[in-house]
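Fit chain F to the given chain H structure using the hints.
First to last, the protein sequences are chains H and F. Here the working numbering is used: position 95 in the first sequence is 99, and no number is missing along the way. Here the working numbering is used: position 20 in the second sequence is 24, and no number is missing along the way.
Since the hints were derived computationally from the structure, they do not count as laboratory data. What you are looking at is a predicted structure, and each value in this text was computed from that prediction instead of being measured. Please note that a few of the clues may not be correct.
Restraint-style ranges between C-beta atoms, simulated for each label pair [unchecked claim]:
#, chain 1, residue 1, chain 2, residue 2, range
1, F, Glu413, H, Ser248, 54 to 64 Å
2, H, Arg348, F, Asp299, 25 to 35 Å
3, F, Glu421, H, Arg200, 52 to 62 Å
4, H, Gly272, F, Arg124, 35 to 45 Å
5, H, Gly88, F, Glu63, 39 to 49 Å
6, H, Gly407, F, Pro298, 33 to 43 Å
The list that follows gives simulated cross-link-like pairs (lysine-lysine, BS3-like), each with its CA atoms no further than 27 Å apart [said to hold, decoys possible]:
#, chain 1, residue 1, chain 2, residue 2
7, H, Lys56, F, Lys142
8, F, Lys142, H, Lys142
9, H, Lys52, F, Lys127
10, F, Lys142, F, Lys95
11, F, Lys247, F, Lys190
12, F, Lys412, F, Lys16
13, H, Lys127, F, Lys52
We treat Cβ as the ideally placed atom computed from N, Cα and C, and that holds for glycine.
2 protein chains.
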Amino acid sequence: MRLSRYFLPLLKETPSEAQIVSHQLMLRAGLIRQSSAGIYSWLPLGYKVLRKVEQIVREEMDAAGCHEVLMPSIQPAEIWQESGRYDDYGKEMLRITDRHDRAMLYGPTHEEVITDIFRRSIKSYKDLPQNLYQIQWKFRDEVRPRFGVMRGREFLMKDNYSFDLDREGAINSYNTMFLAYLKTFKRMGLTAIPMRAETGPIGGDLSHEFQILAETGESAAYYDAAFEDIDFMADDLDIDQLKSLYAATDDQHDPAACSVPADRLRSGRGIEVGHIFNFGTKYSKAMGALVTGPDGQDIAVEMGSYGIGVSRLVGALIEAFHDDNGIIWPEPVAPFDVGLINLRPGDEACDAMVQDLESKFRRAGRDVLIDDRDERPGAKFAAIDLIGLPWQVVIGPRGLKDGIVELKERATGERVELSPEALINRLTA
Amino acid sequence: MRLSRYFLPLLKETPSEAQIVSHQLMLRAGLIRQSSAGIYSWLPLGYKVLRKVEQIVREEMDAAGCHEVLMPSIQPAEIWQESGRYDDYGKEMLRITDRHDRAMLYGPTHEEVITDIFRRSIKSYKDLPQNLYQIQWKFRDEVRPRFGVMRGREFLMKDNYSFDLDREGAINSYNTMFLAYLKTFKRMGLTAIPMRAETGPIGGDLSHEFQILAETGESAAYYDAAFEDIDFMADDLDIDQLKSLYAATDDQHDPAACSVPADRLRSGRGIEVGHIFNFGTKYSKAMGALVTGPDGQDIAVEMGSYGIGVSRLVGALIEAFHDDNGIIWPEPVAPFDVGLINLRPGDEACDAMVQDLESKFRRAGRDVLIDDRDERPGAKFAAIDLIGLPWQVVIGPRGLKDGIVELKERATGERVELSPEALINRLTA
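So that you can see chain H by itself, here it is in the shape it has in the complex (with noise of 0.2 Å):
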């Protein structure tokens, strides 16, 4: 991609209403634009990103034995009248009457649709287990959207559900989802703290919460340094270890009552970016999900539903990983995987250069943003620094001259000069 053509508005100056650094980031970098009051357009850039969020959160939930399904965003209100949550819900529900005079809602959570869904099509108990998810936009009004993607109110997540015939196997699906959520984030190259939580109003009494580690942090975390030493890619985790392990936020922390001993206990901050409840038979009672067991007696199912914030872990990412300068996107979320900065477009041995790199960056699988603006050099740094592309690459009349080129790694800012040969072997070993 040649920045020449692409459209990717970059701001020179820092937004007033932005409070956050990766708000700040996301308006300067031309990732997003704000529609109205924590709504926003995601432009080129970021959308890439997001996409790449969405991607690996879609392929462990594939490798999980989850089946992805997409359910519509605007939904009937019966069925939240069925559940009893209609009027729980209060003023954060978007509520809508369409032109049949019918009271609509913009889903703030899918648990109605899909029990609705499970008890028009699952009859028998040797159809469970099921665990259905989707990757779909919410809506929830909130009375002071704010933070950019972080606190918004339209907003990407994967959400899933699982219908299990007991306990023992909604235990079960549970533990499945906890594991697959470590490897989720740790793709993405975060570290998620496991902490035991309150269930809330989705009810039920089994839940824990992901949090990100992150300097700028919404809320300060304690944890066990146990989890530091934790391989989460590894397939054989220990799940009740894990489980057993102490991890709490400042609300919940009580250093008198904290069973880590202070040599072990770690803190920072951390950004809450996925959600697990077990809630048993709560809205399958409600709503009549049953199945006929083994001995042909009808079963309420048991359930749970897992959620990820898609949208706001782009948002947590630029909060786990900037500098003053700007981004440093993790490889495997990043936009581009490398940025060609050509010093002198219009010369012939740098166009040159530059198109032989890209056509064989190409061939090797990866993804190219060219800078063939016609700015001055310090202009050009400052925009790929700023946009957090993982690998720079300056090509000049005078380096070239001696047949070299210099790369520069974006998150340890290190620089080497060396041959347009070693440097696609380098790149794309």
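For chain F alone, kept in the frame of chain H given last:
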């Protein structure tokens, strides 16, 4: 994927509320379930097809030089008041009031939002042309939603918007989209006939709609036989010739005035799946989307918008490709490439062969659905026919004794017996 672990609720009876074949088959084959009038949930099999259609559209938009964005579904009323369309739109627009009594709406289209983004981002003619697209859910509050996803209220569109400095550039953008559309539909196995259309409330003076041919199409279509000889995938299509060929739906067709000789006039039935518009400066003038031109003066940009009904296409594909036994997916949009029917689950030889074929197909990148249910053969054949996978492979104990399996092509009904090795060679070549 094993059918015993999948979520595929098939219906034996044709639901009485479904009037047209695509709606009937989408319900029976477990692709969708209605949530409220004109609003559907996409179940795993249907969502796979929707995502394949979406991805073909995305690839062709990218190839045409467009950049993907995502605009919100909930829009502020103000920008529609600015463009002058807020009152025009009537009851089809789902109007919403948020908790602070602000007038919002669920976007039926996004000209206003994109023009707002553009005017805040692009200031110079040097940054033109631009062509931005999104694939996003929209809402039109139809009085009588019907025909399933063919005329739903919540529906998925690809919409894009071009911005050019002058009329010549705008026509060039229009022509680029015209050709991209023909190619997009062709990649799904569909022949689309472009027809000159009225611009209607969107404004402007140049518009084409794209109708795909299907025996059960919604309107009669008349067109020059020359369309049947054109290779829409060719890179050297003559846009002027294409635009000059005669084509009209019945409300536009006048046999007396038709310029095509009778022996070259074809008739069929069509389904509208795309619509493109050039509308000049209608929105840019109303909303102040101006750029500084080469001579320093402000110029209102020339715009066009281009839509493809992505969710509608799933219905249209079924209208075009089905028989009495069910759906016949073209390979590029099929939810799975191959259905493996295990006639005797539990039989050691059958199970081993199924597993071996599955892993060989997987390695070749072919997506396989295995019917491993404890059902009689007839029910399995009917299920795989109904859901329309392009290839069916039948594995039974009798055949395996002779070292053969049976391959059936869904579209032709042609059956051959062959060795497992020959099967793999044939379907993965």
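Violated hints, by number in ascending order, as checked against the structure: Violated hints: none; all satisfied.
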